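Quick note on this note's numbering: the sequence shown kicks off at 6 and runs consecutively.
Fair warning: there could be bad hints in the mix.
To be verified - Here are the in silico distance ranges between beta carbons for each label pair:
hint: 1; residue 1: Arg144; residue 2: Lys166; range: 39 to 49 Å
hint: 2; residue 1: Asp135; residue 2: Pro236; range: 17 to 27 Å
hint: 3; residue 1: Lys166; residue 2: Gly76; range: 10 to 20 Å
hint: 4; residue 1: Lys97; residue 2: Ala54; range: 20 to 30 Å
As the list claims (entries may be wrong) - Quick list of in silico lysine-lysine cross-link-like pairs, DSS-like style, CA-CA up to 30 Å:
hint: 5; residue 1: Lys166; residue 2: Lys113
hint: 6; residue 1: Lys174; residue 2: Lys184
hint: 7; residue 1: Lys166; residue 2: Lys97
hint: 8; residue 1: Lys174; residue 2: Lys204
hint: 9; residue 1: Lys184; residue 2: Lys166
hint: 10; residue 1: Lys113; residue 2: Lys174
hint: 11; residue 1: Lys174; residue 2: Lys97
hint: 12; residue 1: Lys166; residue 2: Lys204
hint: 13; residue 1: Lys97; residue 2: Lys184
hint: 14; residue 1: Lys184; residue 2: Lys122
hint: 15; residue 1: Lys193; residue 2: Lys174
hint: 16; residue 1: Lys166; residue 2: Lys122
hint: 17; residue 1: Lys113; residue 2: Lys193
hint: 18; residue 1: Lys97; residue 2: Lys122
hint: 19; residue 1: Lys113; residue 2: Lys204
hint: 20; residue 1: Lys204; residue 2: Lys184
hint: 21; residue 1: Lys122; residue 2: Lys174
hint: 22; residue 1: Lys193; residue 2: Lys122
hint: 23; residue 1: Lys204; residue 2: Lys193
Note that these hints are calculated values from the structure, not bench results. None of the values given here were measured: they were computed from a predicted structure. Idealized CB from N, CA, C, for every residue including glycine.
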Amino acid sequence: MAEDGPPATEPKPAEPEEGKAGAGRSIAKKTRGGRRARSPAPPPLPPAARTFLTAEDAASWFVSDLMEVSGFVRASMRHRSGYSHYRPILTKPDPWYFAGLVALEASKIVDLFPPGKADAILREVLVQADAAGARHDVRVSHVVLGVMGRLGMGQLLLHGKVPDYLIAKVMRILLGSAKTAVRLIPNKDAHEQVTSALKIGHPVWWRMFVRRFDVRLGNEPRPQPKLIPIPDPDKDSDKDPDKDPDKGPAKNPGEAAAA
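Construct all of the structure, not just a fragment, from the sequences and the given hints.
Structure, rendered in C-alpha cells:
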C-alpha cells in the first residue's frame, strides 16, 4: 500500500519584515476612514501677477458656477473653474437651494476685499442672482441678505469673526426652523432647500479666486511690479582702486610724506 503524501498544510501569512510596520498585513483589516495625503496648494500669485477682472465679470463667473451646482443650465457658462467637481450637483434646478448657496459663498466677499471693492462685487452678485431667480419668482437677494445678516448676529454673539468652518453652522442655527423664518422663506420645502445648501461645507469660491485673480474697479489703477535695482559687477570692476573720484588722483607715498 502506497504511503500517503505529506498532509497539506494551510499557507501562513507572510511575516512582517523588521523595520517595516504593518508589512504583510491583510488589506481587509486596514482601518477605514483614512484621508488621502493631498499635495499642498500652490502659493498665491503676487498682486501684480494676477489676472484682473471687472466686478461684472467676476460676479458673472461666480453666479454661473453656483447656478451649475444648483441644477441650472446657463448659456454663458465657461466651466473655467472646478467648483462643480467638489460640490453635489442637483438634477433639477431649485432657486431656493441657489439662494442658500449664494448666501454661503458670498459671505467671504467682505473678508477678502477692501470695503469699496467688496461693496461693488456684492452689489453685482445680488443683481445677477436676482436675474437668475426672476423666472422662478424668487427674490434671491432678499434671502441672501437675510441669511448673511444672521451671520453678522453670530459674530456679535461670538465676540469676534466666525471661523470658516463654522459659518454654515451659525447660519443654520440662527436661521431657525421653517416656522420662525417664515418672513424670509415662505414654506417648509423652500426652508429645507436653503438649509441643505448650508450643509455642503465652508465657503471656498472666493478664497480660491483671490489666489489667481483680482477685481479692479473702473477708477482703480493697475498695480505695478516693484523694481529692485541690481548692482552691476562689471561696472564696479572697471573702477581704479587707486583713484577716488571725490578726492581726485591719488598721491605717491613720498609726496604724501613731504606734505
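We went through each hint and held it up to the structure:
1. A beta carbon spacing of about 28 Å between Arg144 and Lys166 contradicts the range 39 to 49 Å that was offered as a hint.
2. Checking the proposed 17 to 27 Å range against Asp135 and Pro236 shows it is violated: the Cβ atoms sit about 58 Å from each other.
3. The hinted range of 10 to 20 Å is not satisfied by Lys166 and Gly76, whose Cβ atoms lie roughly 32 Å apart.
4. In this structure the supplied range 20 to 30 Å is violated for Lys97 paired with Ala54, their Cβ-Cβ distance being about 41 Å.
5. Annotation: proposed proximity of Lys166 to Lys113 holds, straight-line Cα distance about 11 Å (limit 30 Å).
6. Taking the CA atoms of Lys174 and Lys184, the gap is near 19 Å; set against the 30 Å cutoff, the hint holds.
7. For the hint pairing Lys166 with Lys97, the CA-to-CA distance comes to about 35 Å; that exceeds 30 Å, so the pair is violated.
8. Simply put, Lys174 and Lys204 have alpha-carbon atoms about 8 Å apart, close enough for the 30 Å limit, and the pair holds.
9. This hinted pair checks out: Lys184 and Lys166 have alpha carbons roughly 28 Å apart, not beyond 30 Å.
10. Using a Cα cut-off of 30 Å, the hinted pair Lys113 and Lys174 holds, with the two alpha carbons roughly 15 Å apart.
11. With a CA separation close to 25 Å, the supplied pair Lys174 and Lys97 stays within the 30 Å bound.
12. Distance check on the hinted pair: Lys166 and Lys204 sit about 20 Å apart at the alpha-carbon level, within 30 Å; holds.
13. Between Lys97 and Lys184, the direct Cα distance comes to roughly 26 Å. Compliance with the 30 Å bound is thereby established for this hinted pair.
14. This hinted pair does not check out: Lys184 and Lys122 have alpha carbons roughly 36 Å apart, beyond 30 Å.
15. Under the criterion of a C-alpha separation no larger than 30 Å, the hint pairing Lys193 with Lys174 is consistent with the structure, at around 19 Å.
16. Between Lys166 and Lys122 the alpha-carbon distance is near 20 Å, which keeps this suggested pair within the 30 Å criterion.
17. Taking the CA atoms of Lys113 and Lys193, the gap is about 27 Å. The hint holds against a cut of 30 Å.
18. Taking the CA atoms of Lys97 and Lys122, the gap is about 34 Å. The hint is violated against a cut of 30 Å.
19. With a C-alpha separation of about 16 Å, the suggested pairing of Lys113 with Lys204 holds against the 30 Å cut-off.
20. Taking the CA atoms of Lys204 and Lys184, the gap is about 19 Å. The hint holds against a cut of 30 Å.
21. Pair hint Lys122 plus Lys174 holds up; C-alpha atoms about 27 Å apart against a cutoff of 30 Å.
22. For a cut-off of 30 Å, the pair hint linking Lys193 to Lys122 is broken: about 36 Å separates their Cα positions.
23. Straight-line distance between C-alpha atoms of Lys204 and Lys193 comes to about 17 Å, which keeps the hinted pair within the 30 Å bound.
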